[in-house]
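> Between the sequences and the hints, there should be enough to build the whole structure, so can you do that?
Under numbering that gives the first Met the number 0, the first residue of the sequence shown is numbered 0, with each subsequent residue one higher.
It is worth saying that the hints were derived from the structure and are not from the lab. Built from N, CA and C at the ideal position, the CB exists for glycine as well. Be aware that a few hints might be false.
Each computed DMTMM-like pair below joins lysine to aspartate or glutamate, with the alpha-carbon atoms no more than 20 Å apart [as the list claims (entries may be wrong)]:
id, residue 1, residue 2
1, Lys222, Asp270
2, Lys186, Glu114
3, Lys292, Glu282
4, Lys49, Glu109
5, Lys73, Glu15
6, Lys288, Asp270
7, Lys49, Glu93
8, Lys222, Asp232
9, Lys150, Glu53
10, Lys219, Asp232
11, Lys70, Glu109
12, Lys150, Asp232
Ranges between beta-carbon positions, derived for each pair [said to hold, decoys possible]:
id, residue 1, residue 2, range
13, Arg118, Thr209, 24 to 34 Å
14, Leu52, Thr209, 21 to 31 Å
15, Glu262, Met0, 21 to 31 Å
16, Val240, Glu299, 27 to 37 Å
17, Ser298, Gly274, 15 to 25 Å
18, Lys7, Gly274, 34 to 44 Å
19, Gln226, Glu116, 43 to 53 Å
20, Phe301, Phe253, 45 to 55 Å
21, Gln4, Glu262, 50 to 60 Å
22, Glu93, Gln162, 34 to 44 Å
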Amino acid sequence: MSKAQLFKIKQAIADEQWEKALNLIEPSVSELQNNSQLNYFFVLSLYKTKHYLESLRYANDQYNFYISSLKTQKLYFSILLACQNFLDAYAFLENLKQVHGENVANFTSELADKEAEVRQQKVTLNQKLKKFYHLGDLSVTAAHDVLQASKQLPATEYFQAAQFIFLDPFVHPLIRATVLENVISLKLSQEIQFYWIDKQNHEVDLAKLTRILDNQIQRKFNKLLQQRLANQDPILLEGIVKDKNLYLSYVYPFADQVFKTPELWVNYWIDDYYGRSHANTLENQTISKWQKKFQTLTSELFEN
Numbered sequence: 000m001s002k003a004q005l006f007k008i009k010q011a012i013a014d015e016q017w018e019k020a021l022n023l024i025e026p027s028v029s030e031l032q033n034n035s036q037l038n039y040f041f042v043l044s045l046y047k048t049k050h051y052l053e054s055l056r057y058a059n060d061q062y063n064f065y066i067s068s069l070k071t072q073k074l075y076f077s078i079l080l081a082c083q084n085f086l087d088a089y090a091f092l093e094n095l096k097q098v099h100g101e102n103v104a105n106f107t108s109e110l111a112d113k114e115a116e117v118r119q120q121k122v123t124l125n126q127k128l129k130k131f132y133h134l135g136d137l138s139v140t141a142a143h144d145v146l147q148a149s150k151q152l153p154a155t156e157y158f159q160a161a162q163f164i165f166l167d168p169f170v171h172p173l174i175r176a177t178v179l180e181n182v183i184s185l186k187l188s189q190e191i192q193f194y195w196i197d198k199q200n201h202e203v204d205l206a207k208l209t210r211i212l213d214n215q216i217q218r219k220f221n222k223l224l225q226q227r228l229a230n231q232d233p234i235l236l237e238g239i240v241k242d243k244n245l246y247l248s249y250v251y252p253f254a255d256q257v258f259k260t261p262e263l264w265v266n267y268w269i270d271d272y273y274g275r276s277h278a279n280t281l282e283n284q285t286i287s288k289w290q291k292k293f294q295t296l297t298s299e300l301f302e303n
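Next up, the structure:
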């Protein structure tokens, strides 16, 4: 982008001519992922013209930029509230506290006010809650759409419905795991019951919960896979990583009960992809049983 064009954009922003700014930036929209200043001008103009979802999408392309200063934090948070995206708002504030050590009292107050406002819209709120409660009646694709919409539920209502979903045996494990992971950002400290893929209820301490891909097993897998495949077969590496991430979702939050020896799992996966036979050991027999379970769960993702 030329200096003259950038000057025109800055002038439009200064004059609060938001539509003009959008028109000036749109020919250079491909630069937004790598140009933080241009991204900010575009996102701000979208927000000011009430294109909230679109502004959030472009802001997420430069998330680290928006979390870096008070001015950009305020804009990003305002967009989240305009979208009524409460779950991501809680996650954003937690990130501010943990990574930047920021005082988020003002943000928290704004969030509480917005949640109270949404609670006044009882008909709409109850409709979203009803759909969320019935995730187990939906295909995985439809459930994913409802899951996205459920981010607009206030925290108390979200967790209330989530506890029902945790015990619903008809909810796909990937969806159930996603709901559980979403609860992390609410910073709750109680214990809940969770229906796992062994078809049993288990106790989970929310205070000790980490994200699906934030654990020692995940880090061990990544290290082993990089060592074995990064140079030899990067395409295979990409395929195994995608599958592995799905499997970690299926067994969440008890990955350590399944992936007891990551080295053997990596060997098994690589042999599998190359069509090599597996050694007839007790460990491989156990891995094979889990693999069949994972493959069944994955096939269910594409049934509807």
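> Confirm or reject each hint.
Hints and how they fare:
| no. | hint | result |
| --- | --- | --- |
| 1 | Lys222 x Asp270 | holds (18 Å) |
| 2 | Lys186 x Glu114 | holds (17 Å) |
| 3 | Lys292 x Glu282 | holds (16 Å) |
| 4 | Lys49 x Glu109 | holds (19 Å) |
| 5 | Lys73 x Glu15 | holds (18 Å) |
| 6 | Lys288 x Asp270 | holds (16 Å) |
| 7 | Lys49 x Glu93 | violated (26 Å) |
| 8 | Lys222 x Asp232 | holds (15 Å) |
| 9 | Lys150 x Glu53 | holds (17 Å) |
| 10 | Lys219 x Asp232 | holds (19 Å) |
| 11 | Lys70 x Glu109 | holds (16 Å) |
| 12 | Lys150 x Asp232 | violated (39 Å) |
| 13 | Arg118 x Thr209: 24 to 34 Å | holds (30 Å) |
| 14 | Leu52 x Thr209: 21 to 31 Å | holds (29 Å) |
| 15 | Glu262 x Met0: 21 to 31 Å | violated (50 Å) |
| 16 | Val240 x Glu299: 27 to 37 Å | violated (21 Å) |
| 17 | Ser298 x Gly274: 15 to 25 Å | holds (20 Å) |
| 18 | Lys7 x Gly274: 34 to 44 Å | violated (60 Å) |
| 19 | Gln226 x Glu116: 43 to 53 Å | holds (52 Å) |
| 20 | Phe301 x Phe253: 45 to 55 Å | violated (25 Å) |
| 21 | Gln4 x Glu262: 50 to 60 Å | holds (55 Å) |
| 22 | Glu93 x Gln162: 34 to 44 Å | violated (21 Å) |
Taken one by one, the earlier hints fail for this structure at numbers 7, 12, 15, 16, 18, 20 and 22, listed in ascending order.
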